[in-house]
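2 protein chains.
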Amino acid sequence: MIKNFEDVFEALRAKAVRKRLVVAWGVDSHSIGAAYLAVEKGFVEATLVGDAAKIAKVCEEEGLDASKFTIVDNPVEIKAVAQAVQIVHVGGGDVMMKGICSTDKFLRAILNKETGLLPPKGLLSHVSVVENPNYPKLIFFSDMAVIPQPGFRQKVKMSGFLVGVARSFGISTPKIAFVAASEQMLDTMPACTEGAMLAKMCDRGQIAGCVGDGPLALDVCIDPESVEIKKLRSEVAGDADCLLFPNIESANVFWKTNSKLCKGVRQAGMLVGTTAPCILASRADSVDTKLNSIAEAVMFVS
Amino acid sequence: MIKNFEDVFEALRAKAVRKRLVVAWGVDSHSIGAAYLAVEKGFVEATLVGDAAKIAKVCEEEGLDASKFTIVDNPVEIKAVAQAVQIVHVGGGDVMMKGICSTDKFLRAILNKETGLLPPKGLLSHVSVVENPNYPKLIFFSDMAVIPQPGFRQKVKMSGFLVGVARSFGISTPKIAFVAASEQMLDTMPACTEGAMLAKMCDRGQIAGCVGDGPLALDVCIDPESVEIKKLRSEVAGDADCLLFPNIESANVFWKTNSKLCKGVRQAGMLVGTTAPCILASRADSVDTKLNSIAEAVMFVS
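Heads up: the protein sequence lines correspond to chains W and F, in order. Under my numbering, think of the first position of the first sequence as 1, with each following residue one higher. Under my numbering, think of the first position of the second sequence as 1, with each following residue one higher.
These are calculated hints, taken from the structure and not from any lab test. Hints should not be assumed to be uniformly reliable.
To be verified - Calculated lysine-lysine pairs in the DSSO-like style (CA-CA distance at most 30 Å, straight line):
1. F/K41 x F/K263
2. F/K200 x W/K260
3. W/K260 x F/K231
4. W/K137 x W/K15
5. F/K137 x F/K200
6. F/K260 x W/K137
7. W/K230 x F/K15
8. W/K57 x W/K15
9. F/K68 x F/K79
10. F/K3 x W/K263
11. F/K137 x F/K68
12. W/K231 x F/K263
13. W/K230 x F/K54
14. W/K3 x W/K15
15. W/K3 x F/K263
16. F/K54 x F/K68
17. F/K260 x W/K231
18. F/K231 x W/K263
19. F/K137 x F/K3
These figures come from a predicted structure and were not determined experimentally.
Take the sequences, apply the hints, and build the full model.
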């Protein structure tokens with residue numbers, strides 16, 4: 001059973017998975033370094049779309065063998081991004097990753113109705129994964145990056161994405177918690193009312209393939225002792241695999257408290273809802289986070 | 001300068017502060033234990049209002065000298081809560097603490113227009129304090145407990161409370177960050193637009209006694225490296241004392257990620273806006289958190 005990112009890499013090795021990664025404007029040391037490690041670990045082959053001269057220079061500086069990559073030379077950033085997305089659009093790639101281009105440019109290319117990666121009426125969302133030494137397994141959560149204040153129908157779809165990603169990691173029936181500020185049924189707080197509705201949909205199989213409960217405050221989602229003290233009866237509480245946060249700020253705070261105030265944390269994240277998962281790593285993300293994100297995306301499409 | 005809770009206790013000792021703590025239905029081992037430690041440390045004298053027989057039993061079981069307390073015998077929970085609040089209402093106490101009664105009952109007594117503790121047209125809010133070994137000083141933040149989705153005018157008042165509490169800890173000009181999911185100026189997200197407005201009010205002294213900036217995502221609030229990578233210029237970023245979260249869920253997630261997923265964290269919290277600060281600790285909070293909360297409240301009124 002997969003409990004952490006080392007287990008993920010081991011699972012990918014055991015399954016001998018190799019998927020096609022395409023990096024849009026992958027001309028910086030972090031993106032190239034992460035793609036290189038993923039190639040070395042054997043679970044992707046990588047195409048870098050960008051200024052070939054810049055790529056060659058970074059590889060030389062970092063001591064990386066550039067011949068391990070397929071390099072598509074396109075020295076104009078915005079055109080390189082469009083070309084990278086186009087490669088995936090026509091089926092030439094399984095996983096997409098943003099390089100050092102702006103998020104705006106990358107999203108515009110992905111959302112382009114004719115040449116992009118989002119199906120008609122599709123919903124774009126984001127699934128993150130956290131490994132924290134104080135929790136016994138990976139935590140999958142949404143959405144720290146894309147949907148500011150999801151409505152109820154969006155939450156239903158986002159739950160499906162979350163459960164789908166967790167299942168691709170070998171968790172046959174993920175436990176999903178609908179996070180609120182309290183497990184009290186406060187009828188003026190949408191996180192509470194919608195948490196209860198989503199939990200009921202899980203009970204009835206309307207959100208399929210999982211066990212769900214909510215509203216639950218974060219302590220009772222992940223801490224068995226808090227569950228005991230509060231005498232909650234729940235199949236999910238204290239042992240959640242997936243957390244659906246009620247808004248972008250709470251999910252964002254969860255990611256960043258983990259990365260900036262906890263020791264020994266490893267993280268990953270990707271866009272879902274697209275025909276291929278898209279890694280939207282930030283400039284401030286480490287090579288490790290980008291590598292984990294590639295692994296997350298490859299697990300999801302394998 | 002105060003960097004952690006040990007410094008707080010030292011400061012209280014040095015100032016030889018002694019305030020009057022009143023505990024409403026303080027008949028459980030955690031409340032009594034925390035009050036006892038605060039008495040032992042010398043910064044409060046404590047009155048417990050509740051069933052004297054229960055209190056005597058807990059003191060005996062825990063090996064505590066009951067004669068260190070003033071005990072007001074009132075064996076009916078709801079009446080004991082009302083009596084405790086009444087004592088503070090008439091000036092017989094400086095700091096109020098909830099014992100093991102329900103939050104609902106406690107809040108109803110505090111909010112009672114004739115006998116409660118909230119001034120007319122007052123705003124009730126909550127200020128928490130976190131000591132995290134991965135941050136060099138205390139973090140003050142609002143509001144994880146009371147106001148679900150503060151409006152702009154409420155945020156202005158909440159900022160004043162936060163700054164006031166930080167100043168009572170000896171921070172002469174606290175740095176306050178207005179938290180959002182991004183430091184981009186996204187005009188569809190209230191956390192961003194209002195973060196900018198609040199920052200401007202700090203610039204102009206309309207929120208007084210502090211330096212403020214926002215919108216800022218949590219990483220750039222507290223992590224100097226992220227500030228450098230993102231090339232932000234800000235007097236607050238990377239070094240915040242105070243965090244105003246845009247909604248109850250994000251503040252609640254910040255508290256609970258700290259307490260459940262980080263090691264070596266110490267925390268405190270209290271209600272503000274009332275004539276005396278009120279500690280609203282949860283059943284699941286440790287004796288340590290309750291003791292720290294008493295210290296926070298005593299700092300604030302000293």
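Hint-by-hint comparison with the structure:
1. F/K41 x F/K263: Holds: F/K41 and F/K263 sit about 25 Å apart, inside 30 Å.
2. F/K200 x W/K260: Distance of about 27 Å is within 30 Å: holds.
3. W/K260 x F/K231: OK: W/K260 and F/K231 at ~18 Å, within 30 Å.
4. W/K137 x W/K15: Given pair W/K137, W/K15 holds - Cα atoms ~21 Å apart, limit 30 Å.
5. F/K137 x F/K200: At roughly 25 Å apart (the allowed maximum being 30 Å), F/K200 and F/K137 satisfy the hint.
6. F/K260 x W/K137: This hinted pair holds, its Cα atoms lying about 14 Å apart.
7. W/K230 x F/K15: Violated - the C-alpha atoms of F/K15 and W/K230 are around 38 Å apart, more than 30 Å.
8. W/K57 x W/K15: 34 Å, violated
9. F/K68 x F/K79: 23 Å, holds
10. F/K3 x W/K263: Holds, because 20 Å separates the two Cα atoms, which is no more than 30 Å.
11. F/K137 x F/K68: Given pair F/K137, F/K68 is violated - Cα atoms ~33 Å apart, limit 30 Å.
12. W/K231 x F/K263: 25 Å, holds
13. W/K230 x F/K54: Holds, because 21 Å separates the two Cα atoms, which is no more than 30 Å.
14. W/K3 x W/K15: 17 Å, holds
15. W/K3 x F/K263: Between W/K3 and F/K263 the Cα gap is close to 20 Å, so the pair holds against 30 Å.
16. F/K54 x F/K68: 16 Å, holds
17. F/K260 x W/K231: 18 Å, holds
18. F/K231 x W/K263: Holds, at roughly 25 Å.
19. F/K137 x F/K3: 4 Å, holds
The structure fails to meet hints 7, 8 and 11 from the earlier list, while all remaining hints are met.
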